[in-house]
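*Asks:* What follows is the residue order along each chain.
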Amino acid sequence: MRQIWLVAGSVFKESVRDRVPYSLVAFAVLLMAASYLISQLTAGQDLKIIKDLGLAAIATIGLLIAIFIGIGLVSKEVERRSIYSLLAKPISRASFIIGKFFGLVLTLAVNVGAMTIAYYAVLAYMNWMAEPGVRQSWPAPATDVRLAVPIVLILAQLTVVTAIALFFSTFSSPLLSALLTLGIWTAGHFNADLRNFQAVVDSPPAVYTARTLYYLLPNFASFDVKTQVVHGDAVPPADVALTLAYAVVYVAALLVAAVAVFRRRDFK
Amino acid sequence: MHAIKTEGLTKHYTVGFWRPRPYVALDGLSLEVAPAEIFGFLGPNGAGKTTTLKLLMQLVYPTSGAAWILGKPVGDLEVKRRIGYLPENPYFYDYLTANELLTYFASLFGYRGEERRRRVADVLDQVGIGAERRMQLRQFSKGMIQRVGIAQAILNQPEVVFLDEPMSGLDPLGRRDMRQLMMRLRDSGCTVFFSSHILADAESLCSRVAILAGGRLVTTGRLTDMVGFELRGWELIVSDVSREKLAALGTRVTRIVPLAHGRFSLELPPDPPEALIAELARHGGRILSLNPVRDTLEDLFVRQIAASKPREPVGA
Chain A
1 MRQIWLVAGS
11 VFKESVRDRV
21 PYSLVAFAVL
31 LMAASYLISQ
41 LTAGQDLKII
51 KDLGLAAIAT
61 IGLLIAIFIG
71 IGLVSKEVER
81 RSIYSLLAKP
91 ISRASFIIGK
101 FFGLVLTLAV
111 NVGAMTIAYY
121 AVLAYMNWMA
131 EPGVRQSWPA
141 PATDVRLAVP
151 IVLILAQLTV
161 VTAIALFFST
171 FSSPLLSALL
181 TLGIWTAGHF
191 NADLRNFQAV
201 VDSPPAVYTA
211 RTLYYLLPNF
221 ASFDVKTQVV
231 HGDAVPPADV
241 ALTLAYAVVY
251 VAALLVAAVA
261 VFRRRDFK
Chain B
1 MHAIKTEGLT
11 KHYTVGFWRP
21 RPYVALDGLS
31 LEVAPAEIFG
41 FLGPNGAGKT
51 TTLKLLMQLV
61 YPTSGAAWIL
71 GKPVGDLEVK
81 RRIGYLPENP
91 YFYDYLTANE
101 LLTYFASLFG
111 YRGEERRRRV
121 ADVLDQVGIG
131 AERRMQLRQF
141 SKGMIQRVGI
151 AQAILNQPEV
161 VFLDEPMSGL
171 DPLGRRDMRQ
181 LMMRLRDSGC
191 TVFFSSHILA
201 DAESLCSRVA
211 ILAGGRLVTT
221 GRLTDMVGFE
231 LRGWELIVSD
241 VSREKLAALG
251 TRVTRIVPLA
261 HGRFSLELPP
271 DPPEALIAEL
281 ARHGGRILSL
291 NPVRDTLEDL
301 FVRQIAASKP
311 REPVGA
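Protein chains in written order, with the numbering used here: chain A, 1 to 268; chain B, 1 to 316.
In short, the hints are calculated from the structure, not lab data. Nothing here was measured: the structure is a model prediction, and the numbers come from that model. It is possible that some hints are incorrect.
What the hints assert, rightly or not - Short, incomplete list of chain B residues facing chain A, as computed with Cβ under 8 Å:
id	residue
1	Val60
2	Leu77
3	Arg81
4	Pro87
5	Tyr95
6	Phe105
7	Leu108
Unchecked claim - With a Cα cut of at most 25 Å, we get these calculated PhoX-like pairs of lysine-lysine:
id	chain 1	residue 1	chain 2	residue 2
8	A	Lys76	B	Lys142
9	A	Lys13	B	Lys142
10	A	Lys76	A	Lys268
11	A	Lys268	B	Lys72
12	B	Lys142	A	Lys268
13	B	Lys5	A	Lys268
14	B	Lys72	B	Lys5
15	A	Lys76	A	Lys13
What the hints assert, rightly or not - Coverage of chain A stretches by chain B, computed from C-beta distances (three or more under 8 Å per stretch; other residues unrestricted):
id	segment
16	48 to 54
17	76 to 82
18	88 to 96
19	258 to 268
Glycine included, every Cβ here is placed at the ideal spot set by N, Cα and C.
Please work from the sequences and hints to get the whole structure.
*Replies:* Pasting the structure below:
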């Protein structure tokens with residue numbers, strides 16, 4: 001267990017010293033600040049726009065960090081051969097993979113945390129600037145604590161994306177890993193359509209394939225509760241718990257697969 | 001118990017994308033290395049030295065055969081605690097300082113707190129890295145990275161250390177330090193297994209060597225048994241004597257090579273050279289040096305490599 005945390009700490013240290021996540025988080029904060037200006041052009045919808053854009057910025061920047069760091073987690077070590085001296089130390093290949101995963105999840109959590117603070121700061125400013133009458137017309141307060149729900153689910157979704165990127169990183173090149181991860185991320189958002197494929201196609205093999213893909217691909221639509229929360233609707237806690245449990249199971253399955261592939265790998 | 005033992009260790013790779021075909025990187029290597037010896041693993045480029053070391057570190061898996069380190073199968077985590085490894089042309093995390101890298105590796109070995117700090121400082125001192133230890137590795141030269149590589153290989157006070165081309169990238173001072181370090185390790189009871197194609201290093205350090213060519217073991221044994229160190233002749237440097245006078249010595253000189261400033265290098269047969277030296281002196285010649293020419297590891301190496309069969313395709 002200690003070895004896993006040591007590897008995770010090393011990944012975190014690397015990302016702290018890398019300028020890319022800083023620039024991305026800075027870009028997200030700028031985007032949130034800009035959303036305040038955009039909101040001035042839309043009478044009555046200003047708060048919703050800020051909330052929507054802010055959550056979208058957190059999700060997009062988090063996705064970029066997850067994919068572009070995740071795809072290099074293993075392949076970069078193999079390419080540069082830094083893995084040779086590391087795996088000669090008393091550390092199993094499984095601990096190495098799991099440590100890499102938790103290191104990136106920790107990095108994502110810190111970055112999402114930083115963006116969340118900036119998000120609430122913009123919303124607090126909005127709240128402070130608004131007239132009392134305008135405030136009363138909002139379906140939910142500006143600094144609604146329930147906004148934490150979509151943010152937690154965004155982080156859970158990013159954790160799944162990290163596991164996918166890491167899985168591909170164990171056997172393919174960074175470019176191919178990025179394309180495959182982006183492909184799965186996109187397909188994962190339209191996963192629900194695959195479930196009812198028989199409604200649009202008659203071919204049984206196509207329906208069977210679609211149903212198999214439905215179970216194999218991640219269902220990212222269930223992680224997206226942004227619209228509900230922004231409109232002040234409640235998200236049932238049971239749904240959130242189920243989605244989080246789904247993420248845990250999906251990540252565990254991907255990590256088992258990544259370890260299985262990585263254990264057999266030759267480093268030529 | 002042997003420090004290292006391999007039995008029929010074989011590794012085939014598949015090469016080629018459109019028409020994949022097998023390539024024998026290592027073919028049935030059986031080897032035994034005793035504790036507390038410096039063992040030289042020699043061979044030309046592509047002989048299979050690095051593949052063997054990767055198999056011993058379980059960075060690649062054998063196609064067939066097996067290997068043991070300190071009596072346990074390779075890859076055993078308990079064994080990894082007791083060994084060190086320097087890869088060929090090592091690369092480390094360049095965002096870390098030398099101090100941070102070694103602290104990270106020391107933590108993997110279970111060192112903590114003050115003991116870890118002292119151990120890291122001690123090995124960095126041993127490899128001659130001073131104030132640079134607080135610089136990020138991206139600012140290090142190739143030779144400095146090699147020194148860091150050596151430091152991480154001896155960090156855990158290993159019982160067996162594997163060094164893949166340890167002299168690579170080191171300047172003459174660094175190579176001298178490396179030789180001294182290897183001898184210190186041996187004297188402290190550590191087995192040193194090092195691969196090299198620099199034969200002078202192997203000759204000055206090793207008690208036993210193995211020569212590999214085309215993925216096969218060509219020969220192995222004690223250096224003193226393999227290289228007879230028999231006298232093959234003499235090399236005499238002489239001046240103040242004409243070329244004609246030297247030519248008149250006939251078959252008593254096998255070769256005459258003119259050097260700068262009127263000097264000549266003479267190759268003589270193994271017979272005692274005193275009479276010849278006296279004759280040269282009578283002709284006014286001045287003897288500058290006389291050195292015995294003996295069989296060297298290089299001679300043995302060249303003979304063995306020339307006699308070895310080329311690599312065969314799998315199934316041939």
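*Asks:* Regarding the pair lysine 5(B) and lysine 268(A), is the alpha-carbon distance no greater than 25 Å?
*Replies:* holds (22 Å)
*Asks:* Mind checking, does the segment 88 to 96 of chain A have 3 or more residues with a CB under 8 Å from chain B?
*Replies:* Three-residue rule met by the segment 88 to 96 of chain A, so holds; n is 5.
*Asks:* For the segment 258 to 268 of chain A, count the residues whose Cβ lies under 8 Å from any Cβ of chain B; is that count three or more?
*Replies:* holds (count 4)
*Asks:* Less than 8 Å between beta-carbons is the criterion; does leucine 77(B) satisfy it with respect to chain A?
*Replies:* holds (5 Å)
*Asks:* When the nearest CB of chain A is found for proline 87(B), is that gap smaller than 8 Å?
*Replies:* Since the shortest Cβ distance to chain A is 4 Å, the answer is holds.
*Asks:* Does the segment 48 to 54 of chain A contain three or more residues whose Cβ lies closer than 8 Å to a Cβ of chain B?
*Replies:* violated (count 0)
*Asks:* Decide if the proposed pair is consistent with the structure: lysine 72(B) and lysine 5(B), CA atoms, cutoff 25 Å inclusive.
*Replies:* holds (10 Å)
*Asks:* What's the verdict on lysine 76(A) and lysine 13(A), does the C-alpha distance respect the 25 Å limit or exceed it?
*Replies:* Holds, at roughly 16 Å.
*Asks:* How about phenylalanine 105(B): closest beta carbon in chain A under 8 Å, or not?
*Replies:* Holds - the Cβ of phenylalanine 105(B) comes within 8 Å of chain A, reaching about 6 Å at its closest.
*Asks:* Under 8 Å between beta-carbons, do enough residues of the segment 76 to 82 of chain A, three at least, approach chain B for the coverage claim to hold?
*Replies:* holds (count 3)
*Asks:* Given the proposed pairing of lysine 13(A) with lysine 142(B), does the C-alpha separation stay at or below 25 Å?
*Replies:* Judged against 25 Å, a Cα distance of about 24 Å means the pair holds.
*Asks:* Within 25 Å, alpha carbon to alpha carbon, are lysine 142(B) and lysine 268(A)?
*Replies:* Given pair lysine 142(B), lysine 268(A) holds - Cα atoms ~22 Å apart, limit 25 Å.
Going through the hint list in order, the structure does not satisfy hint 16, though it satisfies all others.
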